[in-house]
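Asks: Sequence:
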Amino acid sequence: MEIRLARIDDRLIHGQVATVWAKEAGAQRIIVVSKEVNEDMIRKTLVKQAAPPGIKVNIVDVEKAVKVFNNPKYAADTVFYLFTNPTEVLELVQAGVPLSSINIGGMQFKTGKVQITKAISVNDQDIQAFRELKKQGVELDCRVVATDSKIDFEAKLNEAVV
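Counting from 1, one number per residue, gives the positions in the sequence shown under the UniProt record's numbering.
Hints may be right or wrong, so weigh each one.
[As the list claims (entries may be wrong)] Pairs of lysine-lysine residues, derived as DSS-like cross-links and limited to a Cα-Cα distance of at most 25 Å, are as follows:
id, residue 1, residue 2
1, K156, K64
2, K73, K48
3, K23, K44
4, K56, K44
5, K64, K35
6, K118, K23
7, K44, K73
8, K35, K113
9, K64, K48
10, K56, K35
11, K56, K67
12, K44, K64
13, K44, K110
14, K110, K73
15, K134, K118
16, K48, K35
17, K67, K44
18, K118, K73
19, K150, K35
20, K134, K113
21, K156, K135
22, K23, K150
23, K48, K134
24, K48, K67
25, K118, K156
26, K48, K113
[To be verified] Ranges of calculated distance between the beta carbons of each label pair, as one might list FRET restraints:
id, residue 1, residue 2, range
27, K67, T45, 16 to 26 Å
28, L46, V20, 28 to 38 Å
29, D40, F109, 15 to 25 Å
30, Q49, Q28, 27 to 37 Å
31, A155, K73, 18 to 28 Å
32, G96, K118, 31 to 41 Å
Worth flagging that the hints you see were computed from the coordinates, not collected in a lab. Beta carbons: idealized from backbone N, C-alpha and C, even for Gly.
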């Protein structure tokens with residue numbers, strides 16, 4: 001399986017993802033890796049309906065994503081992974097799925113989170129997951145759209161006080 005792009009965006013498939021990032025990735029399939037979305041039939045249906053034409057969408061939990069990645073049946077597939085949070089990205093990496101980079105695009109503000117960029121809010125669990133991803137050699141690429149300049153995401157994390 002060829003991983004073309006991995007992105008955290010808790011809105012999942014929306015305008016930017018469907019029109020910009022999906023084209024940037026050039027993948028045959030979008031795999032949403034989220035236990036929460038996988039267990040929510042309404043959200044699962046809505047995400048699939050929002051898919052760009054000609055791109056297959058699957059919604060799975062981390063365990064299933066690892067099995068699919070390791071299944072020789074999918075060896076020739078090109079994929080674009082979408083996540084809602086960094087914890088599930090870390091679980092996937094720790095299970096042996098090789099991600100060289102994670103694009104961090106959107107994590108909405110909620111109680112218990114601190115806003116570190118216009119589009120990204122984190123809590124302690126998120127910060128720890130990002131730091132561990134960095135230790136594992138995963139590039140933290142923080143851009144809302146592909147044409148944005150990269151920012152020093154680690155510096156933003158270090159400034160965060162949750």
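Asks: For every hint, state whether the structure bears it out.
Replies: Right, here's what the structure says about each hint:
1. K156 - K64: 32 Å, violated
2. K73 - K48: This hinted pair holds, its Cα atoms lying about 22 Å apart.
3. K23 - K44: 22 Å, holds
4. K56 - K44: Measuring from Cα to Cα gives roughly 13 Å; hence the hint holds.
5. K64 - K35: Answer holds: K64 to K35 is near 10 Å, not above 25 Å.
6. K118 - K23: 24 Å, holds
7. K44 - K73: 24 Å, holds
8. K35 - K113: The hint holds at about 20 Å.
9. K64 - K48: 17 Å, holds
10. K56 - K35: 19 Å, holds
11. K56 - K67: Holds: K56 and K67 sit about 18 Å apart, inside 25 Å.
12. K44 - K64: 15 Å, holds
13. K44 - K110: Holds, at about 22 Å.
14. K110 - K73: 40 Å, violated
15. K134 - K118: Holds, at about 22 Å.
16. K48 - K35: OK: K48 and K35 at ~15 Å, within 25 Å.
17. K67 - K44: 20 Å, holds
18. K118 - K73: 40 Å, violated
19. K150 - K35: Status violated; Cα separation ~29 Å.
20. K134 - K113: Holds. K134 to K113 sits at ~20 Å (cutoff 25 Å).
21. K156 - K135: 17 Å, holds
22. K23 - K150: At roughly 19 Å apart (the allowed maximum being 25 Å), K150 and K23 satisfy the hint.
23. K48 - K134: Violated, because 31 Å separates the two Cα atoms, which is more than 25 Å.
24. K48 - K67: Given that 25 Å is the threshold and the Cα spacing comes to 21 Å, the pair holds.
25. K118 - K156: 11 Å, holds
26. K48 - K113: 28 Å, violated
27. K67 - T45: 16 to 26 Å: 23 Å, holds
28. L46 - V20: 28 to 38 Å: Violated: the Cβ-Cβ distance is about 20 Å, outside 28 to 38 Å.
29. D40 - F109: 15 to 25 Å: Cβ of D40 to Cβ of F109: about 21 Å, so the range 15 to 25 Å holds.
30. Q49 - Q28: 27 to 37 Å: Violated, at about 18 Å.
31. A155 - K73: 18 to 28 Å: With a Cβ separation near 42 Å, A155 and K73 fall outside 18 to 28 Å, so the hint is violated.
32. G96 - K118: 31 to 41 Å: 34 Å, holds
Violated hints for the displayed structure, listed by number in ascending order: 1, 14, 18, 19, 23, 26, 28, 30, 31.
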